[in-house]
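Model the placement of chain B with the ligands on the given structure of chain A, informed by the hints.
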Amino acid sequence: MKSVKEVKRKEYYIFSPFLRIFHWIMVAMILVLFFTGLIITKPMNVSTTEPFFSITSIDLVRDIHFVAAFIFCASFILRIYGFIINKGDRLFPRVWEGHFYSETVEVALHYMLLKSHHASFLRNPLARMSYAALYVLVAIEILTGFAMYYMTNPSGTGGMLFGWVNVILGSEMMTHIVHHYVAWFIILFAIGHFYMVIRAEFMEGESEVSSMFSGKKVLAHVPKDANELD
Amino acid sequence: MKQRESLWEAYLKRGFSRRNFLKGCVALTSLMGLSSDMFNKVVEAAETKPLPVVVWIHGHECTGCDESFIRSGAPLASDVVLTSIALEYDHLLSAACGAPFEAHLDEVIQKYNGQYILAVEGAVSTKDNGIYCMSGGHTFTHLLDKAAKGAAAIIAYGSCAAYGGIQAAKPNPTGSSGIKMFVGGKPVVNVPGCPPIPEVMTGVVMHVALFGSIPPLDGDGRPKQFYGNRIHDTCYRRPFFDAGMFAETFDDAGSKAGWCLYKLGCRGPETYNSCGNLRWWQGMSYPIQSGAPCIGCANAHFWDEAPFTDRLPKYDKIGDADKIGVGLAVATTAGVVGHAVASVVQRNQRDNLLEDENHDEH
Ligand code: SF4
Ligand code: SF4
Chain A
11 MKSVKEVKRK EYYIFSPFLR IFHWIMVAMI LVLFFTGLII TKPMNVSTTE
61 PFFSITSIDL VRDIHFVAAF IFCASFILRI YGFIINKGDR LFPRVWEGHF
111 YSETVEVALH YMLLKSHHAS FLRNPLARMS YAALYVLVAI EILTGFAMYY
161 MTNPSGTGGM LFGWVNVILG SEMMTHIVHH YVAWFIILFA IGHFYMVIRA
211 EFMEGESEVS SMFSGKKVLA HVPKDANELD
Chain B
20 MKQRESLWEA YLKRGFSRRN FLKGCVALTS LMGLSSDMFN KVVEAAETKP
70 LPVVVWIHGH ECTGCDESFI RSGAPLASDV VLTSIALEYD HLLSAACGAP
120 FEAHLDEVIQ KYNGQYILAV EGAVSTKDNG IYCMSGGHTF THLLDKAAKG
170 AAAIIAYGSC AAYGGIQAAK PNPTGSSGIK MFVGGKPVVN VPGCPPIPEV
220 MTGVVMHVAL FGSIPPLDGD GRPKQFYGNR IHDTCYRRPF FDAGMFAETF
270 DDAGSKAGWC LYKLGCRGPE TYNSCGNLRW WQGMSYPIQS GAPCIGCANA
320 HFWDEAPFTD RLPKYDKIGD ADKIGVGLAV ATTAGVVGHA VASVVQRNQR
370 DNLLEDENHD EH
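Keeping their order, the protein sequence lines are chains A and B. Heads up, the first sequence is in our numbering, so the first residue is 11 and it goes up one at a time. Heads up, the second sequence is in our numbering, so the first residue is 20 and it goes up one at a time.
Chain A on its own, in the form it takes in the complex (with noise of 0.2 Å):
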């Protein structure tokens, strides 16, 4: 075995600081909404017998839940800055070219311990393709989070914007049920993702981990999308 110091290693630049902070951002962000939202569904039982007194404040949860979900949205404005700004960063995996597919098939029989390995990769097929269903997740909490939270008010442009996500699921209580069960699905999501990075990053030195703080790749062998910085 070689020590570290002497193994050859290539630097990688991939992800601009802006798509770093948003991915932190969201991080602690869907912790919050996930806890918060937790209580706002099944409250603390009551400590006190007089309201003044109370320290189970639901309101000041929901309170908590609204300004760390707007603060969610708004980081979006971060992703997306970032791939305008750097070709590293990129908003959907490529799925209209045709390798993608081979790819991640190969990929996916590796994770499933059919294939002893998998070619290395900057963006990892398979991964990106957890990562737009995320997005799918997130969009959707978004939606229906908005369209409960505007129709206190539903002739207003929150309403208006957001009311017809009611009409399609049904009813506003078959929205907050979605809402809560897809709450559930990203957490699930956040395991398998968190087990994945640090695998990634140990046992297939792949620099999963690192790179989301410093954007940067430091890989000693060549991936096979190595000319796809830009």
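For the record, the hints were derived by calculation from the structure and aren't laboratory data. Incorrect hints may appear among the rest.
Unchecked claim - Listed next, the stretches of chain A that the computed footprint assigns to chain B, with coverage defined by at least 3 CB atoms under 8 Å from CB atoms of chain B:
| # | region |
| --- | --- |
| 1 | 121-127 |
| 2 | 160-166 |
| 3 | 196-204 |
Ideal Cβ placement from N, Cα and C applies to all residues, glycine included.
The following block gives chain B with the ligands in isolation, referenced to the frame of chain A:
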């Protein structure tokens, strides 16, 4: 048929004073949810507009909306029916019956073609050509079709006419649905509720009667003045919600103290109705005030959203989404750990193989 009179003429005929008439108009204005500067318009309309002809038909339903309607206190339902509108046909309130009664309906439809208000209670039963709801030897779909054609405006009273109601609950054996798709594009005012609040019922028909136009509606076709707010946003228990003080069971101290019923499944946060501000029986009470969580009776599909006493649906013994979610999260974590172990084993095998190959080469 006699000459149609206006409200003022009806008052005169009964020997009421002008003062009485104006008082009545003040009451009407506030009832219809209009601001006081509309008062002049109301008086004008009441003086000149002939009382509107109303045809009131009943479909797939329990007639509970009528039970509610006849208890309207202001205006009294009797005043509405006897002096404020010309109710020409009503399955439930009419004394007449049989063939002459049905013939009368045809007569009215012809005579006031394009002018009468059609009030519909009850859902349309569509399965098997509508045979699950018949009256006068015809299916209700036939009756609705016939009556809707000549109507100036249609009022859908109750959650059945608006959305299909209880009989539309899964699996909906009679194929029941709201009337909107079956009236040939005529304007429909949805007045949902199971039943709607009596004063809301009379208020809406009076608005249409006096102004000859339908009241301002929201995106779902409901009059804004009665369905513009969520119960939750007008509920007098809201401070307890905000402070996080909830009744946990129907007989605990919180429930006796009148705390928020959210944890008992209250649907106030997703229900649009006037229960919180108008209340029932002339402001006496409403379900939440009596300690019963709102079941969202004015919402589409409320009948399929059991359990009414919980915020989340339950899946038999497995529990609700949160229990399942925790279970799935634990299972995912376990799966991930298992996968990690298997991956390490696989990598070691791979490295051993590579090493062997290297040995062979040298
Ligand atoms: S009782 Fe129902 S409507 Fe009233 S504050 Fe509580 S949840 Fe809202
Ligand atoms: S409180 Fe809710 S369930 Fe009860 S009558 Fe009002 S809208 Fe219907």
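Verification of the supplied hints:
1. For a cut-off of 8 Å, the count of residues in the region 121-127 of chain A with a CB near a CB of chain B stands at 4, and the three-residue condition holds.
2. Restraint check on the region 160-166 of chain A versus chain B: 4 residues with Cβ-Cβ distances below 8 Å, three needed, restraint holds.
3. Counting residues of the region 196-204 of chain A whose CB lies closer than 8 Å to any CB of chain B gives 4, so the stated coverage by that chain holds, three being the minimum.
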